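Top line first, the protein sequences correspond to chains Y and D.
Numbering-wise, the first sequence is residues 0 to 353 according to numbering that gives the first Met the number 0.
Numbering-wise, the second sequence is residues 0 to 507 according to numbering that gives the first Met the number 0.
Source of the hints: derived by calculation from the structure; they are not laboratory data.
A portion of the hints provided could be inaccurate.
Said to hold, decoys possible - Sample of chain D residues facing chain Y (criterion: CB under 8 Å; computed from the structure):
1) Tyr124
2) Arg129
3) Tyr148
4) Val149
As the structure is a computational prediction, the values presented were derived from the model and not from experiment.
Glycine included, each C-beta is placed from N, C-alpha and C at the ideal position.
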Amino acid sequence: MLGKYRIYIHKLMILVLTFAAAGACSGFSSGKTNDEGLGSVVDFVHELDDYVPQKKQYNFYFTYKIVHPWWDAVALGMEDAQKKYLDKGIEITYEYMAPKAASEEDQRKRLAAAEQGNYDVIGVDVADAKTITPVLDKMVDSGYKVMTFSSSDAEEGCKRIAYVGNTHNYQDGANLTEELCQKLGYKGKIAILVGSHGAPCHEERAQGAKDTIAKYENMEIVAVEYDMDSIENAYDLAKQILNEHPDVDGFVCCNMSNPVGTARAVTELDSNAVIVGMDHDHEALNYLKDGVIYCLGVQDCYSIGFDTLQVAVKIADGNVPGDLFPEKTNEITTIIYQEDAPAMLEVLYGDALQ
Amino acid sequence: MKKIRITEKPFATTAVVGSILIVIMLLANTYWAYIESVSSTNKAVSAVSAFYLESMADRRSKTITNLIENNFDYMEKAVSVIDDEKIENQEDLRAAIGRMKKLLSLNRFALVDEDNIVYTQYTTYTGGSRHPFLAQDTMSEKMMISTVYVYGSSKELCLAIPIDRYFMGKKFKACFVQININDIVDLLAFDDQESTNFALYSQNGGNISETELGPFIGKQNIIEATKGTVSEEEWNAFCNDFASEKGGTLNFTVDGVVETLCYEPVKDTGWELVVMIRESVIQYHIQEISDKSLQNNRVQIIFLLVIATLFSGTLFIMFRQVAKEKLDEEKENSKVLESMANTDSMTGVRNKHAYMETESQINSRIHAGTMEDIAVVACDINGLKYVNDTKGHAAGDQLIKEASSLICDVFKHGSVYRTGGDEFVVLLQGKGYDTRLETIEAFNQKIEENIKNNAAVVSIGYSTLMDGDEQIHDVFERADQMMYERKKELKRMGAKTREFTDEKNEKI
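Use the sequences and the hints to build the structure in full.
Next up, the structure:
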């Protein structure tokens, strides 16, 4: 059952990639090349599509949730696209800004400041869908070209022009939790760690986890905690949970910092709790390699960044979702296991043997 | 002293044995030269390789150090220049950064403000989590060097310096450049010309440059890869050298092949630059050189062999030619001598010596009973003395020649001998014997005509071998007797003659 489900997830990802490569989502991702196996988890080889920008210079503003390595990976994809446009004689400048701690208030201030700047497009990784969506709608109504990107979209019905990023956070949370349930034989006590309050991607994953656990009568959620995207907080919270619930059997970690802090705590307290989590943190991958973490859901941040810049150029030229780009550009998430860790470390950090 | 006569066989044997000896000597000499060459090269390579590698590692390490120092200098200059410019907004700052980046060829040149916002030529971003050197709030060190493992597996060398400048009303605390390790590898490889393997390693042995250090280590962690290939003591020393940024050399054997590597720390980076030369590669090159040398020697030997063979053959043919010529010459001389011994120099007919040899042979055959029919014609020139006395010896000699010619002309099928001053003997055998009577008749008629014509007159008598003759001289005696009878007869016919006294004959 376990193996069958795992194969299903892999096949699903391959199918998504195949459709993408075949041009089902035409325009925004053409030119991608995906190798089999781990090469398809994160695609570092991109070429710009055939779209011919109408201007020689663009200036964008992007704001994301928090200063964090996950968004640094997105930034690298953006820089790759920026260099490729420059090679074609198109100069793109942009700001890529975030607060040290996730804050919807900070994001609102940044967006307000951005309105005063001379930007062709304003991109937002929504810190809190509920409070930020109205802000975006207002900006659009005021004539600003607004898009969302990377981890979190705005609420349904938002007037933002397009979204590039993970569109399946709920399913990611559900898939990871299903892996955990299988590992535990569909019985046991589970703790859920979430990132920031209101962050759509984190909340959706947590919801997916909760719904999955609810399916199995012998499984129980003993704690749900928010680390506010801080590894130290995650570590403290995990220790706290382990102390309060020494019999906890597993952790579902919904963001990038959760699994790192939890793995540290599990290792320190010599717990046998099974950890499933998100993202490609270097330390988390090493815990995966060592068997402390059972599996990780890895998102293709590089492609998110690359595609974000391409879509931004098209939006700046006045294009709307359609043939040139979809309203939601989906990027893949792949679940990897202990045996995948060395290769993934090598692919992402080139240091599997460091 | 005993003289050895050189014949064809000893000569050929000597030539063959000599050639074989020459070839063997050449082969032995070539093989010895080959062995000596390989041995000397091995010794030289062993001695030089370690020194060569140390020198190579040191030079490359310094190349990186120079690159780092130059970048630090350039950053200082760039900041100084930007500080002098009028920077009022972000666009001005980006433009200034772009100019400096281009002017000084700086890779990813950036400024960082006090909020850890990074300003590059095209982007501005919050970089607190992206650049490790920004993790600390305060920057105490003057120069910071760090290796950055970038998401996507590329690695960069980050060089940062603290600054204390104000642009756009904000305080800026640092500037940095990031150099892709691949660019450094290209720089080092430019100097390498593929003569060695090299790679950059972190202190714990991880391969930073992604270059292969030979087929055995490849891109692996060098500390892990060499574990078990040397003694534990040597390996621990190797690890300690890496950890404490020291240089050194390491020799290890894999599958019987000795590997030599030399490592040199790159100042302030925590890197070790490792250069390796694979002995099998050296051996391969030596072998290649030796093979070429051996091939040349083989060609040389074959060439010499061919030349020697051709030379020997030519020599042999020449010798045969010379020997044949000598032999022919000798035969010719022998013939001449023999001819001179048996020929009358005046008339050209066989002389008395020849007649005596023939007489001896005939006698032997008579004694053996194998002698066939033979007739002896005794001839004597009439009036020779008279001519000598009255007309001189020259006229006498002329008469002898005339008479001899006459005898030879008539007795075409006989053997003519001049046995005395005016005496000739003709031996008739075979056809000469069968036609003897007609011939003698014709001769006598000619003589009788000569009397009338005052030409040479020759008296002849003849006899044949008869039963009871023990020797040819018996026949000759009868012929001689008959000849004297004829001489008288010719005198009567008017032929001139000389006066002489003989016990058997009356004086004419």
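Checklist entry - Against chain Y, with CB atoms and a cut of 8 Å, does the hint on arginine 129 of chain D hold up? => result The hint holds - arginine 129 of chain D has a Cβ within 8 Å of chain Y, the shortest such distance being about 4 Å.
Item to check | Supplied contact hint for valine 149 of chain D, tested at 8 Å Cβ to chain Y | outcome: 7 Å, holds
Checklist entry - Was the hint right that tyrosine 124 of chain D lines chain Y, CB cutoff 8 Å? => result Result: holds, 4 Å to nearest chain Y Cβ.
Next on the checklist: Please check whether tyrosine 148 of chain D passes as an interface residue: C-beta within 8 Å of a C-beta belonging to chain Y.
Outcome noted: It holds, given that the least Cβ distance between tyrosine 148 of chain D and chain Y is near 5 Å, below 8 Å.
Of the numbered hints listed earlier, not one is contradicted by the structure.
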